[in-house]
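Residue-level listing of the chains:
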Amino acid sequence: MSSTILSPPGRGPSAGPGITPAAPGSRHGQARPRPAGRRRRTSANWLLFALLAGPNIALLLVFTYKPLLQSLYYSTLQWNIGSAIARPVGLRNYTDWFTAPGTGQIIMVTVVFTLATVGGGMVIGLALALLLNSRLKLRGAARTIVVAPYVLSGVAVGLLWLFVFDPNFGITSAVLQGIGLASPDWYNHPGYALAMVIIVYLWKNVGYVALIYLAGLQAIPRDLLEAASLDGAGRIRTLVGITFPLLGPTTFFLSVTTLLSSLQSFDIIQAMTKGGPLEGTTTMMYQIYQQGFVAGTAGYSSAIATILFLVLLAVTLLQLKFVERKVHYS
Amino acid sequence: MKNRFASIPSAGTSAVPAGLSRRNILTLAGILGGSAALAACGGPSTAGTGGAVETAGTDWGSITPADRITWWSNHPGASKPIEEELIRRFTAETGIEVDLVTAGANYDEVAQRFQASAGTNNVPDLVGASDVWWFRYMINGQILPVDDVAAHLGIDTADYNTGLYNDYEFNGSHWAFPYARSTPLFYYNRTLFKAAGLPDRAPKTWDEYNSWAPDLAAANGGAVPMALGSDTSWSAWWFCNIMWGLGGQYSKEWTLTLDDPKTLEAGEFLRRMIHRDQTVAVSAADYVADFTAGVSSCTIASTGSLSGILEAAKFDVGTGFLPEGPAGPGCPTGGTGIAIAAEKSPEQQLAAAMFLQFIGEPEQTAYFSANTGYMPVRTSAADSAEMQAVYAKAPQFRTAVDQLATTRVQDWARSFVPSGDQHLTTALEKIMLQDTPAADAFAAASDAIAKSFEQNVEPYL
Amino acid sequence: MLAAVAVMILPLVWMLLASFKEPDEIYTVPIQWLPSGWDLSNYAQALERVPFGSFFANSLFVTLIGAGLKIVLGLTTAYALVFVDVPFKKVFFAVVVFALLVPQQIVIIPNYTLVAELGWLNTYQGIILPGLASAFGTFLFRQHFLSLPASVMEAAVLDGAGHLRRLFQFVVPMSAPTIAAVALVSVVNEWNEYLWPLLVVDRAEMMTLPVGLTLLQNNDGVTNWGVLMAGTVMVTVPVLALFFVLQRRIVSGLTAGAVTG
Chain W
1 MSSTILSPPG
11 RGPSAGPGIT
21 PAAPGSRHGQ
31 ARPRPAGRRR
41 RTSANWLLFA
51 LLAGPNIALL
61 LVFTYKPLLQ
71 SLYYSTLQWN
81 IGSAIARPVG
91 LRNYTDWFTA
101 PGTGQIIMVT
111 VVFTLATVGG
121 GMVIGLALAL
131 LLNSRLKLRG
141 AARTIVVAPY
151 VLSGVAVGLL
161 WLFVFDPNFG
171 ITSAVLQGIG
181 LASPDWYNHP
191 GYALAMVIIV
201 YLWKNVGYVA
211 LIYLAGLQAI
221 PRDLLEAASL
231 DGAGRIRTLV
241 GITFPLLGPT
251 TFFLSVTTLL
261 SSLQSFDIIQ
271 AMTKGGPLEG
281 TTTMMYQIYQ
291 QGFVAGTAGY
301 SSAIATILFL
311 VLLAVTLLQL
321 KFVERKVHYS
Chain V
331 MKNRFASIPS
341 AGTSAVPAGL
351 SRRNILTLAG
361 ILGGSAALAA
371 CGGPSTAGTG
381 GAVETAGTDW
391 GSITPADRIT
401 WWSNHPGASK
411 PIEEELIRRF
421 TAETGIEVDL
431 VTAGANYDEV
441 AQRFQASAGT
451 NNVPDLVGAS
461 DVWWFRYMIN
471 GQILPVDDVA
481 AHLGIDTADY
491 NTGLYNDYEF
501 NGSHWAFPYA
511 RSTPLFYYNR
521 TLFKAAGLPD
531 RAPKTWDEYN
541 SWAPDLAAAN
551 GGAVPMALGS
561 DTSWSAWWFC
571 NIMWGLGGQY
581 SKEWTLTLDD
591 PKTLEAGEFL
601 RRMIHRDQTV
611 AVSAADYVAD
621 FTAGVSSCTI
631 ASTGSLSGIL
641 EAAKFDVGTG
651 FLPEGPAGPG
661 CPTGGTGIAI
671 AAEKSPEQQL
681 AAAMFLQFIG
691 EPEQTAYFSA
701 NTGYMPVRTS
711 AADSAEMQAV
721 YAKAPQFRTA
731 VDQLATTRVQ
741 DWARSFVPSG
751 DQHLTTALEK
761 IMLQDTPAAD
771 AFAAASDAIA
781 KSFEQNVEPY
791 L
Chain S
792 MLAAVAVMIL
802 PLVWMLLASF
812 KEPDEIYTVP
822 IQWLPSGWDL
832 SNYAQALERV
842 PFGSFFANSL
852 FVTLIGAGLK
862 IVLGLTTAYA
872 LVFVDVPFKK
882 VFFAVVVFAL
892 LVPQQIVIIP
902 NYTLVAELGW
912 LNTYQGIILP
922 GLASAFGTFL
932 FRQHFLSLPA
942 SVMEAAVLDG
952 AGHLRRLFQF
962 VVPMSAPTIA
972 AVALVSVVNE
982 WNEYLWPLLV
992 VDRAEMMTLP
1002 VGLTLLQNND
1012 GVTNWGVLMA
1022 GTVMVTVPVL
1032 ALFFVLQRRI
1042 VSGLTAGAVT
1052 G
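Chains as they are written, first to last, in our numbering: chain W, 1 to 330; chain V, 331 to 791; chain S, 792 to 1052.
Do not take every clue at face value.
For lysine-lysine, the following DSS-like pairs were computed, each having C-alpha atoms within a straight-line distance of at most 27 Å [unchecked claim]:
#, chain 1, residue 1, chain 2, residue 2
1, V, LYS781, W, LYS274
2, V, LYS534, V, LYS524
3, V, LYS723, V, LYS644
4, W, LYS321, S, LYS881
5, W, LYS321, S, LYS880
6, V, LYS582, V, LYS592
7, V, LYS534, V, LYS592
8, V, LYS410, V, LYS781
9, V, LYS644, V, LYS524
Take a look, some chain W residues computed to stay more than 12 Å from chain S by CB distance [as the list claims (entries may be wrong)]:
#, residue
10, ASN45
11, LEU91
12, VAL111
13, GLY191
14, ALA233
15, SER261
Don't read these hints as lab results, they were simulated from the structure.
Being a predicted model, the structure only gives us computed values, none of them experimental.
We treat Cβ as the ideally placed atom computed from N, Cα and C, and that holds for glycine.
If we strip away everything but chain W, and leave its shape as in the complex, we get:
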């Protein structure tokens, strides 16, 4: 990129004031601009800004925002993937989705899956973190084992658990039989199937939550907790009165990141249930894939994706507002 592209609009000579691109270690530009030479500084800063942030933002524009716009456009088409032609249908894909008989269930499944994986993940993750933060033997080993599944491939995890949950040949059934229970019909019952993919999702991801919470716990100053115990506060009171509030920022951080990854989760469902039985594990995200690539109705799929995007946008904006305010000043 030449520097001339990057000079500011409507200010100074269009060729730019002879600023050369900042080489590594260049001393152009300053963190705080001063009134004198402001224009010059501004152009230098623009150049610097473009060098540092430009590539990332360009990538986002090309591979995220442009396709987002394209997808918005596709959502107004009757278009089958692979087809050369498409028909503009206005908002029909949207009205079709809202009026389809299965949509209520898909929203339910999405909400249940999201709440269970995000909420359940945080509760279990926090519990594990508290355990890991206490003085135990082999704490390091336990910590490693708890976090280990997080680093595994979702496809591999799905395949593995498919096998663990088999009602005839799996471990769960062997374990349940050991205590005199019959294995639930994991694959043929929509409710159990949803529970199953949630369990697997949690198994894989809860270690990450635990790890981040552990980080939060260990950042709490010792003296605070000691002071509390000197005051005669019991363990529970210390936990509720001091530990939990101080973990607030961590919780918000986790709520944002786990929500985003939960809503985008795909590979476990793909490997285990393919959205079934009876679409009992079809989340909106899975439906987007299913409609776009399996059914091939790309226009319809794009409409669902747009709806999901808008929901995500709304929820996350709320969260971010909170996070910005709270996390930063903790």
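On the provided structure of chain W, position chains V and S as indicated by the hints.
Only chains V and S this time, still in chain W's reference frame:
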């Protein structure tokens, strides 16, 4: 056709035109504006009519075949080495090289890739076209009707198994050649059948099966004798057997017949066997494993599973025709054919057709079939010496080949309508897993399929 | 704690045991815990059916380059957003953050088309570039940079350090915990990414491990679970081993107060 994805200027980065000589904001605006412009022109065209490729056109006599083609396969039945050998033989004979590409682990993945590749330079010359996908390729205009080029090459289409070849027929043209084709087959545990005091054969009819079921259950600790799979792409396939046997069908050409009394009766028949008589169960997870482990005493599985089942089972495996109904036998076909991409040059297409001609020769067909367990697609191959050797080794395979005579082309509602199979699977799941009356389950599927047809098929015909 | 550890580890042990079993040992009632022998035939078969060596090399390359560049992009972008004074910074920050909300599926069809037009199918850049931009990392780094004491930057400026030196000699060392957190997430995501590489790669020699693994699944009903589990072991063990080796650093990096502020 070619610029359906109106060529996106070389990379997104060109949205920052080299000549633009000023103004960072303008640059940013340019990138954003470029995005918008690209968004408007990328993707499909809303003008034009599209649909299937017209038949006539190429004068094949004047074309020289290309010397290199690409074939997208999922190597059905772990057939990669077999396919490589076929290619080696073809190259030795014609000098044409074939790039064999693993384009997915299953038919759906190959189809997803092929559809996504439309209009890009990544389109293969030959592509796997399974029973539920080839029609989609056709209405997308992605594949070539093979009749003309077959006639030019003198391919003996009459020697192909009629049912298997005509599966790819629509509007008087054929759109693929059969390749790795399978049917459902009745598998039974000979040890358990013997223990139950039953004859060593598959039941002739469903009624006979139901009369055997109590004995079979008693011989196997009370377990329901038959466990069937309920997955997508599977249950709506084997259900054809029960349904056709009772005189029902999903559709007659484009007319849905899911409310036909005979179709409903078939649904109720299945429902009764599972929920009232308990002569049939839905497998808890893997119907093949249930069978090979002796949990169930018989099942319906693909002919393509034969070698795997023989390998995994510790007992003697028997095979037989699918049970008949009052209206006679009913056996659908499945598996995959191979189609020729429409948007390649005639030279590529001719070379591709030559390859299809070659692997369709009785000797090659028998070689493929003998090594994979798929049906020999040529009539003259079914009795060849190579196949005889296979039958001698695994007599169960003979049953599968003989059953081909009873097959028929699938109902369009399942094989041609996008998501048709899925809607039917959902209906069958309701019947099998939730004891829903067939009338209710099929009515919902009927509405959904009708809508999909209206939106995704009708406009393109 | 013991119960928790058992739940976490049992499936992994099961996978390992299954990878040594013959088909008729896997499907047994009652369950057979131990394989009858410890021969490596399932592994041999998995290796013979698909080129695991190149899957592994591809995954390694894609992960190292992808995650590495992503972290650098995140750091430089966050630095620019915090320490370089230009107007409309909030707009740029918004551009970065909103990208977090765009589901992958929504962009996949247009991106596939673009990558195909560029002739980048079956290439590393085709696998890496579309997902390279750093939104999550930038967001976290920015949060962290904002919390750095102003005195540090002032000292750096007085020291006469240029921006790159300020970034890499002053800011980065103070951000190690956050970088550890972002690196962990980036590496894990790149290593395990499934849908995108599945679409843009169709040559076995360019496939990454998760995509290649599914090639071991079979059509027409019969999957040899022993072989598939052997493949799964080969996919998971390298990451687990790496994690075991690095876990102390990752954990201590995180617990040094990374994501709390």
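query: Far enough from chain S: is every CB of that chain over 12 Å from the CB of ALA233/W?
result: 22 Å, holds
- prompt: Given the hint that LYS321/W pairs with LYS881/S, does the C-alpha gap stay at or below 27 Å?
  reply: 14 Å, holds
query: Quick one, are LYS321/W and LYS880/S close enough, alpha carbons at most 27 Å?
result: Roughly 17 Å separates the two Cα atoms, so the pair holds.
message: Please verify whether LYS534/V and LYS524/V have alpha carbons no more than 27 Å apart.
response: The given pair, whose Cα atoms are some 17 Å apart, holds under the 27 Å limit.
field: Proposed proximity, LYS524/V with LYS644/V (alpha carbon, max 27 Å)
entry: Judged against 27 Å, a Cα distance of about 15 Å means the pair holds.
query: Taking C-beta pairs only, is VAL111/W more than 12 Å away from all of chain S?
result: VAL111/W clear of chain S: closest Cβ-Cβ about 16 Å, beyond 12 Å.
message: For LYS582/V and LYS592/V, compute the direct alpha-carbon distance and say whether it is at most 27 Å.
response: Measuring from Cα to Cα gives roughly 13 Å; hence the hint holds.
query: Is the hinted pair LYS781/V and LYS274/W satisfied, with a Cα-Cα distance of at most 27 Å?
result: The hint holds at about 23 Å.
Assertion that ASN45/W lies farther than 12 Å from chain S (Cβ): Non-interface label fails for ASN45/W: nearest chain S Cβ at 5 Å, not farther than 12 Å.
field: Exclusion check [LEU91/W not at the chain S interface, CB over 12 Å]
entry: At roughly 17 Å from the nearest Cβ of chain S, LEU91/W sits farther out than 12 Å, so the non-interface label holds.
task: Quick one: work out the minimum CB distance from GLY191/W to chain S and report holds if it exceeds 12 Å, violated otherwise.
output: 21 Å, holds
message: Against the 27 Å threshold, does the CA-CA distance of LYS534/V and LYS592/V hold or violate the hint?
response: 20 Å, holds
The earlier numbered hints that this structure contradicts are 8, 10, 15.
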